[in-house]
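**Student:** The lines below spell out each chain.
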Amino acid sequence: MSPRRGLPRRATDPARLLPLTPLAFSILLALADQDLHGYAIAQRIGERDAGRITLAPGNLYAAIDRLIDAGLVERARAGSVSDARRGRQYRITALGRRTAALEAARLRALLRTARRLELEPGER
Amino acid sequence: MDGRRAFGERLLRLAILAHPPAFRARYRDEMLSYYRQACHAGEGGSWRTRFLIVSVLAAIREGWQQRRALRERRPTAGARGAAMYSILGLPQELRLAFRSLTTQPALTVAIVLTIGLAVAANTALFSVFDGLLFRPLPYRDAERIVHLEIAQSRRTATTSREARGEAFARVNTTSSLVERADIRSRSLFDRSGPAATEWRLRPYAFSTSAFELLGVRPSVGRAFVEADATSEPMPVLLGYDIWMTRFGGDPATVGATVRIPGTASNERYRVIGVMPPWFAFPGGANFWTPIRPSYGSADMPSYARVAPGVTIDALRAELSGIAVTPLREYVRPDGAFALGVLLAASGLLLLLAWVHVAGLVFARASGRSAEIGVRLAIGASRLRLIRQFVLEAGTLVTIAMALAVTLTPVLTTLIVSMLPPEITVGQHVSPDARAFGFAAVLSAIGLLIVALAPVGLVRHASPIHLLRGNSRTGSPAGRTRVRTALFVGQLALAAALVYVAGLTLRSYIQISDAPLGFDARDLYAIQVPRGDAVIDATGRERLDRQQMMVAETIARIAELPGVSVVSGSHDWPMEPGALSEAVLIAESDPARDPFRGHSPVIARGYPDVLGIPLVAGREPTAVELDTVGSPPRLQLALANQSLTRHLERFGSPVGQVVALTSALRFQIVGIVPDIVLDRADRPVEPTLFRYLPPPAAVGVVLARLEPGRTPEDVGLPVVLERIWGSPAPTSFSITDAVRRANVDYRARTFILSLICALSVPLTLVGVAGALSHATRQRTREIAIELALGAEPRAVRQRVIGHAVLAAAFAIGTGVAAGIGIGRLMAATLYGVVAADPMSIAGTGTLMLSVAWIAAFVPARRASAISPIEALRE
Numbered sequence: 001m002s003p004r005r006g007l008p009r010r011a012t013d014p015a016r017l018l019p020l021t022p023l024a025f026s027i028l029l030a031l032a033d034q035d036l037h038g039y040a041i042a043q044r045i046g047e048r049d050a051g052r053i054t055l056a057p058g059n060l061y062a063a064i065d066r067l068i069d070a071g072l073v074e075r076a077r078a079g080s081v082s083d084a085r086r087g088r089q090y091r092i093t094a095l096g097r098r099t100a101a102l103e104a105a106r107l108r109a110l111l112r113t114a115r116r117l118e119l120e121p122g123e124r
Numbered sequence: 125m126d127g128r129r130a131f132g133e134r135l136l137r138l139a140i141l142a143h144p145p146a147f148r149a150r151y152r153d154e155m156l157s158y159y160r161q162a163c164h165a166g167e168g169g170s171w172r173t174r175f176l177i178v179s180v181l182a183a184i185r186e187g188w189q190q191r192r193a194l195r196e197r198r199p200t201a202g203a204r205g206a207a208m209y210s211i212l213g214l215p216q217e218l219r220l221a222f223r224s225l226t227t228q229p230a231l232t233v234a235i236v237l238t239i240g241l242a243v244a245a246n247t248a249l250f251s252v253f254d255g256l257l258f259r260p261l262p263y264r265d266a267e268r269i270v271h272l273e274i275a276q277s278r279r280t281a282t283t284s285r286e287a288r289g290e291a292f293a294r295v296n297t298t299s300s301l302v303e304r305a306d307i308r309s310r311s312l313f314d315r316s317g318p319a320a321t322e323w324r325l326r327p328y329a330f331s332t333s334a335f336e337l338l339g340v341r342p343s344v345g346r347a348f349v350e351a352d353a354t355s356e357p358m359p360v361l362l363g364y365d366i367w368m369t370r371f372g373g374d375p376a377t378v379g380a381t382v383r384i385p386g387t388a389s390n391e392r393y394r395v396i397g398v399m400p401p402w403f404a405f406p407g408g409a410n411f412w413t414p415i416r417p418s419y420g421s422a423d424m425p426s427y428a429r430v431a432p433g434v435t436i437d438a439l440r441a442e443l444s445g446i447a448v449t450p451l452r453e454y455v456r457p458d459g460a461f462a463l464g465v466l467l468a469a470s471g472l473l474l475l476l477a478w479v480h481v482a483g484l485v486f487a488r489a490s491g492r493s494a495e496i497g498v499r500l501a502i503g504a505s506r507l508r509l510i511r512q513f514v515l516e517a518g519t520l521v522t523i524a525m526a527l528a529v530t531l532t533p534v535l536t537t538l539i540v541s542m543l544p545p546e547i548t549v550g551q552h553v554s555p556d557a558r559a560f561g562f563a564a565v566l567s568a569i570g571l572l573i574v575a576l577a578p579v580g581l582v583r584h585a586s587p588i589h590l591l592r593g594n595s596r597t598g599s600p601a602g603r604t605r606v607r608t609a610l611f612v613g614q615l616a617l618a619a620a621l622v623y624v625a626g627l628t629l630r631s632y633i634q635i636s637d638a639p640l641g642f643d644a645r646d647l648y649a650i651q652v653p654r655g656d657a658v659i660d661a662t663g664r665e666r667l668d669r670q671q672m673m674v675a676e677t678i679a680r681i682a683e684l685p686g687v688s689v690v691s692g693s694h695d696w697p698m699e700p701g702a703l704s705e706a707v708l709i710a711e712s713d714p715a716r717d718p719f720r721g722h723s724p725v726i727a728r729g730y731p732d733v734l735g736i737p738l739v740a741g742r743e744p745t746a747v748e749l750d751t752v753g754s755p756p757r758l759q760l761a762l763a764n765q766s767l768t769r770h771l772e773r774f775g776s777p778v779g780q781v782v783a784l785t786s787a788l789r790f791q792i793v794g795i796v797p798d799i800v801l802d803r804a805d806r807p808v809e810p811t812l813f814r815y816l817p818p819p820a821a822v823g824v825v826l827a828r829l830e831p832g833r834t835p836e837d838v839g840l841p842v843v844l845e846r847i848w849g850s851p852a853p854t855s856f857s858i859t860d861a862v863r864r865a866n867v868d869y870r871a872r873t874f875i876l877s878l879i880c881a882l883s884v885p886l887t888l889v890g891v892a893g894a895l896s897h898a899t900r901q902r903t904r905e906i907a908i909e910l911a912l913g914a915e916p917r918a919v920r921q922r923v924i925g926h927a928v929l930a931a932a933f934a935i936g937t938g939v940a941a942g943i944g945i946g947r948l949m950a951a952t953l954y955g956v957v958a959a960d961p962m963s964i965a966g967t968g969t970l971m972l973s974v975a976w977i978a979a980f981v982p983a984r985r986a987s988a989i990s991p992i993e994a995l996r997e
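Chains as they are written, first to last, in my numbering: chain A, 1 to 124; chain B, 125 to 997.
Okay, chain A solo, but in the shape it has when bound (with noise of 0.2 Å):
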């Protein structure tokens, strides 16, 4: 296959991703425990907000493709594209995990140091 227009190569270190964008660790903790299809992800993302959408297709998908991109996600094999209204499902890929563990560890990393401020807003 050519080469992706304009891609950056694979990272194979997951260090090297990090830190991830809100959305981007938003998206992989959305799949951690099943593939999704778009609209689905976003529901996840928007649990909080009583299932309202609030993002946008446009953020959403240029989100899923950097991540494709990275190789943190990958479209899930054929077969489960089960319902193609709803469109492809996407599923997190090993990487996608580790990149996801880090990125939590280098959040708790911080929260700790917030922590020790006494910043955490649970605390006060």
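Worth double-checking, as some hints may not be accurate.
Partner residues aside, some chain B positions facing chain A, computed with beta carbon under 10 Å [what the hints assert, rightly or not]:
{"id": "1", "residue": "L156"}
{"id": "2", "residue": "Q190"}
{"id": "3", "residue": "D668"}
To be clear, the hints were calculated from the coordinates, so they are not data collected in a lab. Don't be surprised by glycine CBs; every beta carbon is placed ideally from N, CA and C.
With chain A's structure known, arrange chain B on it following the hints.
**Tutor:** Relative to the frame of chain A, chain B by itself:
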């Protein structure tokens, strides 16, 4: 609700176009489906509106960022050259083409100017040609309109009056004609007054039915109605140009009464409308008045519409003795052939331009052989390279076409303004869609030529040869042949053009210098105002006043110091179209055969003022003229020598009687030499100079001043103003009138000289380029010669010698073609033959000099080649 969602989706679809194509292909359907689901689940119209706005903005922002990221990551290194060529889209290729054009700005400008000017000149000439000859006339059912006039046949003059009456009756009663209209040329103004000279009014009188016959309505206001024939002040329709230039296009002009200085009708006119911009019927008219009852009736309608189903031939048979001319033929010019020659000449120029440009592009592509070699070596496909050349050529041609489109209307106006009015009779000429279509075809052909020139080079190129810089190995024989053909072709075409222009120029010089038989220098004419503009009286009394004032004008001018002779006539010498045909009959001829001639009206002293001697007989004395009385009594006249030759067969010419009609008979009292009174390129016909018996007044006063004096100098304006009041008639020089009479020669000469002025520098550059290129190709060969001891001087001479030899051959061919063209246009030449030795010599000298100059620079470069360096390369 559904409608709103559909609208939102359409808007989003548009916004998604902001994303790069690859992204769109992958995600568009998903994005739309996502949007639909969100809208379906979401609640409330305001939320949906917000969501739509957010989605659209997000698509645009993300799309823009993605595109920017793409641009930054695009590979540019040579290692990925092949990939680059396949990735670059059309915009990038265009940018590349632009960049390669700007690296050689001089060449690009040369090509653009060449093509632009040549296409503009051709389109302009085509517009004129098309407008005058081929375009349908813009009148209602124009093919059924005919022009009618009494046929000029061998009728005897004595019966013509009855014949006319009978002819009018037939025209007015025949059922083969359904509409009739009269259009007359009506001299309303002094031909030298402000209305004619400053306003440039060309008036025509229309019967009230004429506009209806033509099917033309005024753009503003209304056409004539019956009541206009008698209403005061005189109603008038203005030409669009007059309205714009003189009244600033003010709508309030219509309905207003305007003063126009130098016109009749007490200078006051009521404007009732403005004609459309294209309407100038007949003959460039721009001022239309109704035909007044006082103009005299019983005239035959001059235009009519043929009833449906009646053929022109049937009508002609029915109206024998009347010349029936379809309007189309009547307004289509005799000068069409001359226009055709010009169009052909400009076509030649265009061909020359394209050949020249093809040469330049070819040379340019040859010069880029190293670049082509590199590209081929790193894997660019030949198709890709050819595409690049075509794109470059296309860019050049597009810029040139933009230039041409800008220039065409200007050139068209220029050409039309230079054409004599007889040629553009009643037709408005402007570039239209057809002309630009013509230009488009021309440029498509050119694009093909220009683009194909380097294609052969690329097709046969091999990277190794090209990189070695020795492109001769490409296809030497073929390339040299192409080059030689281009070289010879350019010179031959240019030589043919220069030759034809030379012929035209020579013929213009000849006609300007043509002996007129009289001395036009120091001769001035004053046109006497006519009608009620000056004299406030009617009928007989007005006539008397007019005669008195003219007599006084002649007497007063004669008294002025610095004025040598004063006389008069009805028309001034060389007045365009003034000399009308007459049918003459010699009464001493037993057969009474009528013959064609002219019969201008003159006053006593006419030969004197023109500076012509009387060959025989004498002028009548004032007393003799006084006692002649009015027709039908025998009148007095002078004969020119052509008339004398006709009369000599019946005895001594002096004393013979020549008749115009049974009531208008003239006795010849003197003989004058043949003089030219309208056009030098027509033979002088038998002319009867009729003396106007006093007290009738002439229309033009002629005054000969002493050499070197001017009318102002001798006080002519003062005298005229004292007699005629203000505005006084002005005097003008007959030398100017002579120059104006040759306007068609001047127009042809001008246009051809213009074409030549374009083609000679073009050829110079083209030939110099071709020779430079040829020399560069032979660098190695020349270097070996020099290394073997050849003199640089000899090398130089040989290069020039070869060029001049080829040029001589090309010029010979070109001149031969020029002579052929000259034969074809013999009718428009005066005083020169098609094979004119002077033009041949001139063309030869000019073109050989061009070839020599063009060869000089490359020759010097050749002789300056350093053998060591040239051979080491």
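**Student:** Hint by hint, note whether the structure agrees.
**Tutor:** Quick rundown of the hints versus the structure:
1. L156: 8 Å, holds
2. Q190: 7 Å, holds
3. D668: Since chain A brings no Cβ nearer than about 98 Å to D668 of chain B, farther than 10 Å, the hint is violated.
Hint 3 alone, counting from the list given before, is not met by this structure.
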